[in-house]
Amino acid sequence: MHPPEGPAWLVALESSGFAAAMRHWLWLYPFVEITHILGFVLLVGAAVMFDLRLLGVSPRIPVSDLARHLLPWSRIGLGFVAPSGLAMFSAHATEWIANPAFWVKLSLIALAGINAWTFHRWTFQSVATWERNTPAPAAARASAVASLALWTGVVTCGRLLAYL
Amino acid sequence: MFRSTILRAAPAAVGLAIGLAGATAAIAHHGWSGYDASKPLTVTGTIKVAGYEHPHGYVRLETKEKTWVVTLAPPSRMENRGLPAATLKDGAQATVMGYPSRTDPDEMRAEWIAIDGKTTQLR
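These protein sequence lines map, in sequence, to chains A and B. The first sequence begins at 12 in the numbering used here and counts up one residue at a time. The second sequence begins at 4 in the numbering used here and counts up one residue at a time.
Hints are computed from structural coordinates only; laboratory data are not their basis. Careful: at least some of the hints might be erroneous.
Some residues of chain B that are not near chain A, with every Cβ distance over 10 Å (derived) [to be verified]:
1. S36
2. G37
3. K42
4. V46
5. K51
6. T66
7. T70
8. P77
9. S79
10. E82
11. R84
12. T90
13. T122
14. R126
To give a feel for the contact side, a few chain B residues facing chain A, derived at Cβ under 8 Å [claimed, not checked]:
15. G34
16. Y55
17. H57
18. P58
19. D109
Computed from a predicted model, the values in this text were never measured in an experiment. We treat Cβ as the ideally placed atom computed from N, Cα and C, and that holds for glycine.
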């Protein structure tokens, strides 16, 4: 709506042919939005199911089996979410960079990533002792609570980008 | 113990979502909630600049009193309703009914736009 203003690389990104196509092609933007939604359904859906298991839902399912089943789907979801998110960002780069929801969203994604990494690097190592019918350690449950809150926040901020 | 942890997690997630939404609702911009439906306006003027762009098209409408930035609908919806890009041309006369932005005194969101005697609903 206004000529792009801001850091040169953002102006260049927003003025690129691809960003223009995102804004002007009739169905590209909706297609990219749908890709983004399908991606986070996989990513966040799988994470939530795993978090609930850590919190004691379906305690008969071995935790590491569930991790092997769900977490690859989370990564596939990430493969949809990241490029589609970048594509939408390119269309409004200078506008979004000034939007508080965008910065909160990126921060929450970073925290969710650190949370997942910490869990797999440390907490998950002892999984053999809490595979099934055993409460997960407090650190695992705390990580699950954090994951649920963080991903809820990420989706919330993503939607609020359009309303701020 | 399982249940109590879940009972703590659910409010944490929902609380964060509501908190974020609440904290930002006051400066809402793009959804219809960002416009004051209690102050409907109908203005007529000349289209100066038009953007047939995602997520919302717009025109800069020069009226006698002021120049409005009028936020329209997504291009795909306008195309479907018979308002292709070519109709939003510079210099065209347009009448717009809509609501003023709660935050930007120069912006309004159009409920409908009439160009050359053809009215297109945009919501």
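To see whether the hints hold, each was checked on the structure:
no. : hint : verdict
1   : S36  : violated, 7 Å
2   : G37  : violated, 7 Å
3   : K42  : holds, 20 Å
4   : V46  : holds, 18 Å
5   : K51  : holds, 13 Å
6   : T66  : holds, 18 Å
7   : T70  : holds, 13 Å
8   : P77  : violated, 8 Å
9   : S79  : violated, 5 Å
10  : E82  : violated, 6 Å
11  : R84  : holds, 13 Å
12  : T90  : holds, 15 Å
13  : T122 : holds, 22 Å
14  : R126 : holds, 16 Å
15  : G34  : holds, 5 Å
16  : Y55  : holds, 7 Å
17  : H57  : holds, 4 Å
18  : P58  : holds, 7 Å
19  : D109 : violated, 11 Å
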